[in-house]
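Please take these sequences and the hints and turn them into a complete structure.
In order, the protein sequence lines correspond to chains U and B.
Quick note on numbering: the first sequence equals residues 0 to 291 in numbering that gives the first Met the number 0.
Quick note on numbering: the second sequence equals residues 0 to 291 in numbering that gives the first Met the number 0.
Hints are computed from structural coordinates only; laboratory data are not their basis.
Remember, identical chains collapse to one label, so a pair may be satisfied in a single copy or spanning two.
Mimicking SDA-like on lysine to any residue, the simulated pairs with C-alpha atoms at most 20 Å apart in a straight line are:
hint, residue 1, residue 2
1, Lys-164, Pro-196
2, Lys-52, Arg-24
3, Lys-26, Asp-38
4, Lys-62, Phe-51
5, Lys-145, Ile-231
6, Lys-26, Gly-202
7, Lys-26, Pro-212
8, Lys-26, Ala-53
9, Lys-52, Thr-20
Fair warning: this is a prediction, and the values are worked out from it, not measured in the lab.
Chain by chain, the residues run as shown.
Protein chains: 2
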Amino acid sequence: MTIDLTAASITEAVQRTFEGTEDGRAKELFVRLVQHLHDFTREVRLTGEEWFKAMDFLERAGKTCTPTRQEFVLLSDILGLSVLVDLIHHPGGGSVTDSTLLGPFYVEGRPTAENGSDISGEVAGTPLFFNGRVLDPDGTPVAGAKVDTWHSDGEGFYDVQMQDKLHGQLAMRALLTTDDEGRFWYRSVAPRYYPVPTDGPCGEILSAANRSPMRPEHLHFWLHAEGFEPLITMLVRSDDPYVERDAVFGVRRSLVVDFVQHDAGETAPDGTPMDESFQTAERTFVLAHQER
Amino acid sequence: MTIDLTAASITEAVQRTFEGTEDGRAKELFVRLVQHLHDFTREVRLTGEEWFKAMDFLERAGKTCTPTRQEFVLLSDILGLSVLVDLIHHPGGGSVTDSTLLGPFYVEGRPTAENGSDISGEVAGTPLFFNGRVLDPDGTPVAGAKVDTWHSDGEGFYDVQMQDKLHGQLAMRALLTTDDEGRFWYRSVAPRYYPVPTDGPCGEILSAANRSPMRPEHLHFWLHAEGFEPLITMLVRSDDPYVERDAVFGVRRSLVVDFVQHDAGETAPDGTPMDESFQTAERTFVLAHQER
Chain U
0 MTIDLTAASI TEAVQRTFEG TEDGRAKELF VRLVQHLHDF TREVRLTGEE WFKAMDFLER
60 AGKTCTPTRQ EFVLLSDILG LSVLVDLIHH PGGGSVTDST LLGPFYVEGR PTAENGSDIS
120 GEVAGTPLFF NGRVLDPDGT PVAGAKVDTW HSDGEGFYDV QMQDKLHGQL AMRALLTTDD
180 EGRFWYRSVA PRYYPVPTDG PCGEILSAAN RSPMRPEHLH FWLHAEGFEP LITMLVRSDD
240 PYVERDAVFG VRRSLVVDFV QHDAGETAPD GTPMDESFQT AERTFVLAHQ ER
Chain B
0 MTIDLTAASI TEAVQRTFEG TEDGRAKELF VRLVQHLHDF TREVRLTGEE WFKAMDFLER
60 AGKTCTPTRQ EFVLLSDILG LSVLVDLIHH PGGGSVTDST LLGPFYVEGR PTAENGSDIS
120 GEVAGTPLFF NGRVLDPDGT PVAGAKVDTW HSDGEGFYDV QMQDKLHGQL AMRALLTTDD
180 EGRFWYRSVA PRYYPVPTDG PCGEILSAAN RSPMRPEHLH FWLHAEGFEP LITMLVRSDD
240 PYVERDAVFG VRRSLVVDFV QHDAGETAPD GTPMDESFQT AERTFVLAHQ ER
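Here you go:
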């Protein structure tokens, strides 16, 4: 019975039309989504004009999406939803390394690299030497862990954002493997803070709210190891000007690290004598044992 | 400060980033939207996989939209949001005619027609004679009111859905004008119940929920008159099998009317002797005075 509805009774009427949903979880999601969408609409007394603008916004967001650009993920990011989903399931604060959002620039087909390699590809910039270690919660090294790492260049651009310049090559990303001591290390170039894309519908929201689109300087990591929970995380440079106002809410205090500045003439962690200034950073990652 | 966030504290942190919104109403909408989106996400403990599916659904919905197909309006329709927005501002039950949703088939460039015209265009079907009257709340006729009307053919298709067959012509729609008695009348063909489009992402929801996509047989009206509030409404055929389970929740009891069946040999309301069976329907519409 979906007749004689009022602004109060329509919610239950719509929810009843989901009663025949065979997938119990889908049914729960539909019913609760309708509740919150309707509650919001009633609470703000959404007008027809505002509703029309919302429909138009969503259509344009959909049309902005491409295989290398997902405007709805970005919308979720700037509304704090992406991080919230992570925080619900990984509240953190325990003995294992905190997780955070994946971001839109992970690429499945990245190259593998040996420890110690320069993974910067063709990209020029201040050399950065990263040393990582992977342990279990008891402090035992995790050997053979697979470590995806990726980051921006010194102007805040990822390889996938400058494919013309890179002649279609990937850069500043690799899949490494930890040694018997649980260690992995590589050379690359120092990344930079950068704005999330603002030339699509999400840019209108940031602009209307006078919000900064900037993300602080960071390195991405995605760790996999047999018997452990996968860990998607990110290390943020401690002295970055945007560290406390990340546009997508992805910074966790436990993931803030120092990027140490070294002068020309010093020796890099891998023993290379350096004739230019460079940076170093390091971090130990603790993986959670997989739940059986 | 958007650091050290938890699944509980992130909501306020995100809301604070909208503090600089200059448009006060936009600020209210953003802040309340974030509250409800986050409450929903926490309440159902949305998983990363479900979140990813939602992003993918929204992208595909956006890509389904064309100038004659708005998948987000349809999504809003099947979730009861479109009617809710109307019910909030037009609760009905008073002396004026109830409003309901516009639907996706209204066309701005429709032809004008004289009262008594056959507006069916090239479309074959059971003749339908409609007589309408427009009054103010005191019962005084509203002369010179503009009445848009549009409906489907006998198989449930609108002209814009069969432009090839109609050689690009519009049909079963017109703009009429009330006479000094507030009357308007026309001849057309009887419409039919029909399904909302199910070949896009919204079809997946209806299918997952085992929901009917059907709308009951109806005529659309959009009335404008100097000094009165515009009225978007719809008359639904009382003996239609879907009258109590409209897929988009648009039926109001006060808008249900009888479509009377007449045998061949009877005389139509306009005095035409009919050699085939036909239908008649009538309705008085009461407009609200415009608020000053």
